[in-house]
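Visitor: Sequence:
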Amino acid sequence: IAEAAVDHYIGDIAILVHKLKDMENLDVLFVLVRMEDRIYFIGRSRLEEVNVADIAGELGGGGHPTAASATLREMSLMEAHDRLLKVLKEMIRPKRVARDVMVFPVKTVDPERTLKEVQEMLTRYNLTSLPVLQDSKIIGLISKQVVERGLHHGLEKSLVKEYMTTEFPTISPETSFSHIQELIIGQNQSLLPVIEKDQLVGTVSVGDTMRILQEEMLKSSKGLSSLESQPLYARKKIISKLMGERFPDRIHDLLIEFGKVGDLLGYAVYAVGGFVRDLLMRVDNFDVDIVVEGDGIRFAEEFEKRFPCRIRTHKKFGTAIILFHDGLKVDVATARIEVYDSPAALPTVERGSIKMDLYRRDFTINALAIQLNPKSFGELIDFFGGLRDIKEKVVRVLHNLSFVEDPTRVFRAIRFEQRFRFQIGKHTQHLLKNAVRMGFLDRLSGGRILSELILILQEENPIPALKRMGDFHLLPLLHPHLKWEESMQTLFEQIHHVVSWFDLLFLDERYERWLIYFYGLIDFLKEGEIDELCQRLAMNAKIRDKVVEGKRQADHALLQIFSWIQANFHPKRSEIYTLLDPLSTESKLFMMAKTSKMPTRRYISLYFTQLKDTKPLLKGRDLIQMGIKPGPSIRKTLADLLKARLDEQVITRQDEMEYIAKAYGMD
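Each step along the sequence shown adds one to the number in the working numbering, with nothing skipped, and position 466 is 463.
Since the hints were derived computationally from the structure, they do not count as laboratory data. In this text, all values refer to a predicted model and were calculated from it rather than measured experimentally. All C-beta atoms, glycine included, are put in the ideal place defined by N, C-alpha and C. Where hints are given, some of them may not hold.
[What the hints assert, rightly or not] Quick list of in silico lysine-lysine cross-link-like pairs, DSS-like style, CA-CA up to 30 Å:
#: 1; residue 1: LYS194; residue 2: LYS141
#: 2; residue 1: LYS464; residue 2: LYS430
#: 3; residue 1: LYS113; residue 2: LYS134
#: 4; residue 1: LYS234; residue 2: LYS86
#: 5; residue 1: LYS104; residue 2: LYS234
#: 6; residue 1: LYS591; residue 2: LYS609
#: 7; residue 1: LYS302; residue 2: LYS313
#: 8; residue 1: LYS352; residue 2: LYS134
#: 9; residue 1: LYS659; residue 2: LYS626
#: 10; residue 1: LYS480; residue 2: LYS523
#: 11; residue 1: LYS640; residue 2: LYS594
#: 12; residue 1: LYS543; residue 2: LYS612
[To be verified] Now the in silico label distances, taken between C-beta atoms and shown as ranges:
#: 13; residue 1: GLY271; residue 2: LYS612; range: 41 to 49 Å
#: 14; residue 1: MET435; residue 2: PRO371; range: 43 to 51 Å
#: 15; residue 1: GLY271; residue 2: MET435; range: 23 to 31 Å
#: 16; residue 1: GLY617; residue 2: ASN282; range: 45 to 53 Å
#: 17; residue 1: GLY617; residue 2: HIS494; range: 40 to 48 Å
#: 18; residue 1: ARG599; residue 2: MET663; range: 34 to 42 Å
#: 19; residue 1: MET20; residue 2: ASP323; range: 57 to 65 Å
#: 20; residue 1: GLU179; residue 2: ARG309; range: 44 to 52 Å
#: 21; residue 1: PHE304; residue 2: GLN142; range: 47 to 55 Å
#: 22; residue 1: GLN486; residue 2: LYS523; range: 17 to 25 Å
#: 23; residue 1: HIS78; residue 2: LYS464; range: 54 to 62 Å
#: 24; residue 1: HIS15; residue 2: GLY271; range: 47 to 55 Å
#: 25; residue 1: GLN196; residue 2: GLU87; range: 30 to 38 Å
Given these sequences and hints, build the entire structure.
Guide: What follows is the structure, given as structure tokens:
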């Protein structure tokens, strides 16, 4: 960076810059010149990775990748220098080498395996080629194309070593991307093994190469830098600025430290999932999920040594939870792949790369990652077009068998669609309907269905998702007699109205929102059918009691109030309290939603706003001091006193004492 200042304007400064670059034989030169009240920026570059048009664009100018300029106003030379340095740090990235783009750890195959076994591996891990290893050394490559042709000719039992490719190029971790491009495209190689000290440390595939080429092509054609203005199909973005704007300092600093610990161990560290999705959607979500390309438990243990926290580990799954003293929790997982041995089965888990880890996720919008290592901090990793789908407001699966492998994704697709006001993609919708029609959801355990249903019913407004379940014929999955009707929608709308009213009372009373909507769901079933539904959903005794007994009590109380109305009976406040107090909050709110009778609503409203927390001022010890014998009579006297207070017969403590004295004939 060269700087100069003159008091008057001098023309043709660009010619001087060009000569200076040639004299010093510089690959890159930036010049800042103050002339009169302006700063003139001129940039020249011979390096592909330093695009001066992009840099000038950030300063308000423009040009070509090799030559560009900008004019800065209301800025000193020092301020312009600092601004240029900041832009350079954000925009200049080291030239890509194999280490930056390779996938690791690598799935490999033994030369003694059969072609049939290799086909299963290729299908299981969604690969097109596999390295063949013998005694930890790579001796060949076997491709999906060769395997499929071999199987077509009846060679299922033939061994890999008989048909593997034994002549193939290899690269080192420092091989330039331009050379990788030459091998993949120029020499038609589908997979390049990355070798370091005679050991296989990674692979670069044709898919990885095409993705990066597409990214660079779009960058060079657009010359844009902000997240909003970047092409939708770009696979990587630097979003560190957005992270700084959206995250509290506590979270932002923590992410930086995670990256540093990753570097210390030689692990790539990523923030993943809904945490990343919600950042891009400008939604607050500070539930941090970390994925480590390495050993997640070792990472957590190393972090615990350096920071005040404690960890809980789960060695079976290679996961850990980091617990901080302020209540913050961070989930740490080893990058892994999930393999489904049959439709709707629970997966087996194996270690994998970040790409494999993201591929196992449900939807593209949840298959995003942000690298946290210092050199790549804030780099958004998007293998599957998740950023595009967020912009287009689409819920899309990653592959065609997604709903077959895990049918619970049907419920999650609906939940995310309605929560974010997205649309399930046309093809994804076709796959969803096919999974329902083929009966894959029938194979789900009741417990898994119940868990997904509860998540839907816990949404701020679950009605659109429930209606969508009706559209996709999912309600009969719970019970054959359940179907979406206008009367069901009306009841759910009343429940939503009542729940919103109750929340606005700010009573600081915990309740289970999902249960009230569940009461609404089973209100359309007979008693025996409710039992069948509970059995289908494999409810444990505690939840079953909440559902069955809570609904029964609500219906019984509604009948009691209806009899009062029919008889034109006006209950005392204590009678309302006696009827409603034993019921759960969920039962009372469901009653309020179900009834169309205003007196019933008034009684329940009166209970919550005036009667609920009523207590006598006198305690048991006060009654003993007044001469009442300890024992059951104390409880009965307190109950009588509560009734009197509810019915406004007593107001003060003195009133209560006089009431007791009169009731027990005391002087």
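Visitor: Each hint needs a verdict: does it hold in this structure or not?
Guide: Status of the hints after comparison with the structure:
1. Among the hinted pairs, LYS194 with LYS141 is consistent with the structure: their alpha-carbon atoms are about 28 Å apart, no more than 30 Å.
2. A C-alpha spacing of about 15 Å is found between LYS464 and LYS430, which places the hinted pair at or below 30 Å, so the restraint holds.
3. At most 30 Å may separate the alpha-carbon atoms for a hinted pair to count; LYS113 and LYS134 meet this at roughly 23 Å.
4. For the hint pairing LYS234 with LYS86, the CA-to-CA distance comes to about 14 Å; that is within 30 Å, so the pair holds.
5. A C-alpha spacing of about 28 Å is found between LYS104 and LYS234, which places the hinted pair at or below 30 Å, so the restraint holds.
6. Simply put, LYS591 and LYS609 have alpha-carbon atoms about 21 Å apart, close enough for the 30 Å limit, and the pair holds.
7. A distance of roughly 22 Å separates the Cα atoms of LYS302 and LYS313; the hinted pair therefore holds under the 30 Å criterion.
8. With a CA separation close to 24 Å, the supplied pair LYS352 and LYS134 stays within the 30 Å bound.
9. Proposed proximity of LYS659 and LYS626 is supported: the alpha carbons are some 16 Å apart, at most 30 Å.
10. The hinted pair formed by LYS480 and LYS523 meets the criterion: a straight-line CA distance of about 14 Å does not exceed 30 Å.
11. Distance restraint check for LYS640 and LYS594: the Cα-Cα separation of roughly 26 Å lies within the 30 Å cut-off, and the hinted pair is therefore satisfied.
12. Of the pairs offered as hints, the one joining LYS543 and LYS612 holds, with about 27 Å between alpha carbons and a cut-off of 30 Å not exceeded.
13. The supplied range of 41 to 49 Å is met by GLY271 and LYS612, whose beta-carbon atoms lie about 43 Å from each other.
14. Remark: the range hint 43 to 51 Å for MET435 to PRO371 is upheld by a beta-carbon distance near 48 Å.
15. In this structure the supplied range 23 to 31 Å holds for GLY271 paired with MET435, their Cβ-Cβ distance being about 29 Å.
16. Taking the beta carbon of each, GLY617 and ASN282 are about 49 Å apart, inside 45 to 53 Å as hinted.
17. Distance hint for GLY617 and HIS494: a CB-CB separation of about 42 Å, consistent with the stated range 40 to 48 Å.
18. Separation of ARG599 from MET663 is about 38 Å and conforms to the stated range, judged on CB atoms against 34 to 42 Å.
19. For MET20 and ASP323, the Cβ-Cβ distance of about 58 Å falls inside the hinted range of 57 to 65 Å, so the restraint holds.
20. Between GLU179 and ARG309 the beta carbon distance is about 49 Å. The supplied range of 44 to 52 Å therefore holds.
21. Take PHE304 and GLN142: their Cβ atoms lie about 50 Å apart, and the range 47 to 55 Å holds.
22. Between GLN486 and LYS523 the beta carbon distance is about 21 Å. The supplied range of 17 to 25 Å therefore holds.
23. Roughly 60 Å separates the CB atoms of HIS78 and LYS464, a value that falls within the hinted 54 to 62 Å.
24. Separation of HIS15 from GLY271 is about 51 Å and conforms to the stated range, judged on CB atoms against 47 to 55 Å.
25. A beta carbon spacing of about 36 Å between GLN196 and GLU87 agrees with the range 30 to 38 Å that was offered as a hint.
Hint compliance for this structure: every hint is met.
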